[in-house]
Amino acid sequence: MMKVLTFGIAKDIVGGPEMDIPYSEGMSVLALKKAVLEKYPQFEKLNSLAIAVNNEYADDNLQITPQDEVVLIPPVSGG
Amino acid sequence: MENCIDIQISDKPLSEQTCLEFVAHPGAGGIVNFIGTVRNQTQGKAVIKLEFEAYISMAISEMRKIAELASQKWPIQKMAIHHRVGTLAVGEIAVIISVACPHRKAAFEACSFAIDTLKETVPIWKKEFFENGAVWIAAHP
Numbered sequence: 001m002m003k004v005l006t007f008g009i010a011k012d013i014v015g016g017p018e019m020d021i022p023y024s025e026g027m028s029v030l031a032l033k034k035a036v037l038e039k040y041p042q043f044e045k046l047n048s049l050a051i052a053v054n055n056e057y058a059d060d061n062l063q064i065t066p067q068d069e070v071v072l073i074p075p076v077s078g079g
Numbered sequence: 080m081e082n083c084i085d086i087q088i089s090d091k092p093l094s095e096q097t098c099l100e101f102v103a104h105p106g107a108g109g110i111v112n113f114i115g116t117v118r119n120q121t122q123g124k125a126v127i128k129l130e131f132e133a134y135i136s137m138a139i140s141e142m143r144k145i146a147e148l149a150s151q152k153w154p155i156q157k158m159a160i161h162h163r164v165g166t167l168a169v170g171e172i173a174v175i176i177s178v179a180c181p182h183r184k185a186a187f188e189a190c191s192f193a194i195d196t197l198k199e200t201v202p203i204w205k206k207e208f209f210e211n212g213a214v215w216i217a218a219h220p
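As they're listed, the protein sequences go chains Y and V.
End of the first sequence = 79 in our numbering, gap-free, step of one.
End of the second sequence = 220 in our numbering, gap-free, step of one.
Treat the hints with care, as some may be off.
As the list claims (entries may be wrong) - Each computed SDA-like pair below joins lysine to any residue, with the alpha-carbon atoms no more than 20 Å apart:
1. Lys-206(V) x Asp-12(Y)
2. Lys-198(V) x Tyr-57(Y)
3. Lys-11(Y) x Lys-144(V)
4. Lys-144(V) x Asn-54(Y)
5. Lys-206(V) x Gln-42(Y)
6. Lys-11(Y) x Ala-50(Y)
7. Lys-11(Y) x Thr-166(V)
8. Lys-198(V) x Asn-47(Y)
9. Lys-11(Y) x Val-164(V)
10. Lys-206(V) x Gly-79(Y)
11. Lys-45(Y) x Lys-91(V)
12. Lys-206(V) x Leu-5(Y)
13. Lys-144(V) x Asp-12(Y)
14. Lys-206(V) x Leu-49(Y)
15. Lys-206(V) x Leu-46(Y)
16. Lys-144(V) x Pro-41(Y)
17. Lys-198(V) x Lys-39(Y)
18. Lys-198(V) x Gln-42(Y)
19. Lys-144(V) x Glu-56(Y)
20. Lys-11(Y) x Leu-49(Y)
21. Lys-11(Y) x Lys-91(V)
22. Lys-206(V) x Asn-54(Y)
23. Lys-91(V) x Leu-62(Y)
24. Lys-11(Y) x Ser-136(V)
25. Lys-11(Y) x Glu-207(V)
26. Lys-144(V) x Lys-33(Y)
27. Lys-39(Y) x His-219(V)
28. Lys-45(Y) x Glu-199(V)
29. Lys-144(V) x Ser-77(Y)
30. Lys-33(Y) x Lys-198(V)
31. Lys-33(Y) x Val-53(Y)
Unchecked claim - Quick look at which bits of chain Y chain V covers, simulated, 3 or more residues with Cβ under 8 Å:
32. 45 to 59
33. 71 to 78
Just so you know, the hints here were simulated from the structure itself, not pulled from any lab data.
Everything numeric in this text was worked out from a predicted model, so none of it was measured.
All C-beta atoms, glycine included, are put in the ideal place defined by N, C-alpha and C.
Excised from the complex, chain Y in its bound form (with noise of 0.2 Å):
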């Protein structure tokens, strides 16, 4: 399993701070997003998901290692 975090909306859908994703070696930022979408298809109806690995936006292909530290990024509304 894989934790990934959540802030804003995606705290909500989640129902707390952090989400657990079944993890596979080389797992894709794509495949992640996948795996999120089925367990809450709520995320579907946001304007946008974006996910951070190790605090920085990643790319669909990026893989993700076991240690990174991976986040939901839903629409940011600061300022």
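Keeping the supplied structure of chain Y fixed, place chain V upon it in accordance with the hints.
What follows is chain V alone, placed relative to chain Y:
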């Protein structure tokens, strides 16, 4: 440029004075200070309070990127970006962006660029509370 940029996220009230003191520079000909405040209504619905939540480590890093990018585009001498988190009442300051440049035009442009980019890229989320509920801003179409 490292010492010329001040990035902060705080759960305490933000200080305009602190930002202006930081950006003071003898070569500056113009200092532009943007203050974003909590508005009392959204589309006619009365707002009671706001909550800002941040993914702090990444938010700091993204805010620094904005200041560095702005410094490549304009001749910035000093720049401060402070963002508040936690619960805010109507009228309180949510964000301050202060920019010092040799001339005013660059300072205005850099400040405008910084707040526009912040709203697009920095992982901070705003929840508005109304009398009959609350909503995460920008989440849904």
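Evaluated hints:
Using a Cα cut-off of 20 Å, the hinted pair Lys-206(V) and Asp-12(Y) holds, with the two alpha carbons roughly 12 Å apart. With a C-alpha separation of about 15 Å, the suggested pair Lys-198(V) and Tyr-57(Y) falls inside the 20 Å cut-off, and the hint holds. Simply put, Lys-11(Y) and Lys-144(V) have alpha-carbon atoms about 26 Å apart, too far for the 20 Å limit, and the pair is violated. A threshold of 20 Å between alpha carbons decides the hint, and for Lys-144(V) with Asn-54(Y) the separation of about 15 Å falls inside it, so the pair holds.
As the CA atoms of Lys-206(V) and Gln-42(Y) are separated by approximately 18 Å, the hinted pair is consistent with the 20 Å bound. With a C-alpha separation of about 14 Å, the suggested pairing of Lys-11(Y) with Ala-50(Y) holds against the 20 Å cut-off. Of the supplied pair hints, the one linking Lys-11(Y) and Thr-166(V) holds, its CA atoms being roughly 17 Å apart against a limit of 20 Å. Note on Lys-198(V) and Asn-47(Y): the hinted pairing holds, with a Cα-Cα distance of about 15 Å set against a maximum of 20 Å.
Under the criterion of a C-alpha separation no larger than 20 Å, the hint pairing Lys-11(Y) with Val-164(V) is consistent with the structure, at around 16 Å. Between the alpha carbons of Lys-206(V) and Gly-79(Y) the distance comes to roughly 12 Å, so the proposed pair stays at or under 20 Å and holds. Among the hinted pairs, Lys-45(Y) with Lys-91(V) is inconsistent with the structure: their alpha-carbon atoms are about 34 Å apart, more than 20 Å. The straight-line distance between the Cα atoms of Lys-206(V) and Leu-5(Y) is roughly 18 Å, inside the 20 Å bound, and the hint therefore holds.
Proximity of Lys-144(V) to Asp-12(Y) is assessed by CA-CA distance (about 29 Å); at most 20 Å being required, the pair is judged violated. For the hint linking Lys-206(V) to Leu-49(Y), the alpha-carbon distance of about 17 Å falls within 20 Å, and the restraint holds. About 15 Å separates the Cα atoms of Lys-206(V) and Leu-46(Y), which keeps this hinted pair within 20 Å; it holds. A hinted pair counts as satisfied when its Cα atoms are at most 20 Å apart, and Lys-144(V) with Pro-41(Y) does not qualify at roughly 33 Å.
Between the alpha carbons of Lys-198(V) and Lys-39(Y) the distance comes to roughly 29 Å, so the proposed pair goes past 20 Å and is violated. Taking the CA atoms of Lys-198(V) and Gln-42(Y), the gap is about 23 Å. The hint is violated against a cut of 20 Å. A C-alpha spacing of about 11 Å is found between Lys-144(V) and Glu-56(Y), which places the hinted pair at or below 20 Å, so the restraint holds. At roughly 13 Å between alpha-carbon atoms, Lys-11(Y) and Leu-49(Y) fall within 20 Å of each other, so this suggested pair holds.
Between the alpha carbons of Lys-11(Y) and Lys-91(V) the distance comes to roughly 23 Å, so the proposed pair goes past 20 Å and is violated. A hinted pair counts as satisfied when its Cα atoms are at most 20 Å apart, and Lys-206(V) with Asn-54(Y) does not qualify at roughly 25 Å. The straight-line distance between the Cα atoms of Lys-91(V) and Leu-62(Y) is roughly 37 Å, outside the 20 Å bound, and the hint therefore fails. For the hint linking Lys-11(Y) to Ser-136(V), the alpha-carbon distance of about 17 Å falls within 20 Å, and the restraint holds.
Under the criterion of a C-alpha separation no larger than 20 Å, the hint pairing Lys-11(Y) with Glu-207(V) is consistent with the structure, at around 16 Å. In summary, the hint linking Lys-144(V) to Lys-33(Y) is not supported, as the alpha carbons are separated by about 25 Å, beyond the 20 Å threshold. Straight-line distance between C-alpha atoms of Lys-39(Y) and His-219(V) comes to about 19 Å, which keeps the hinted pair within the 20 Å bound. A C-alpha spacing of about 19 Å is found between Lys-45(Y) and Glu-199(V), which places the hinted pair at or below 20 Å, so the restraint holds.
For the suggested pair Lys-144(V) and Ser-77(Y), the alpha carbons sit about 18 Å apart, so the restraint of at most 20 Å is met. Taking the CA atoms of Lys-33(Y) and Lys-198(V), the gap is about 23 Å. The hint is violated against a cut of 20 Å. Only pairs whose Cα atoms come within 20 Å are accepted, and Lys-33(Y) paired with Val-53(Y) is accepted, the gap being roughly 12 Å. With 7 residues having a Cβ less than 8 Å from any Cβ of chain V, the region 45 to 59 of chain Y passes the three-residue criterion, so the hint holds.
For the region 71 to 78 of chain Y, the stated coverage by chain V is satisfied: 7 residues place a CB nearer than 8 Å to a CB of that chain, which reaches the threshold of 3.
The structure fails hints 3, 11, 13, 16, 17, 18, 21, 22, 23, 26 and 30 (numbered hints given earlier, in ascending order).
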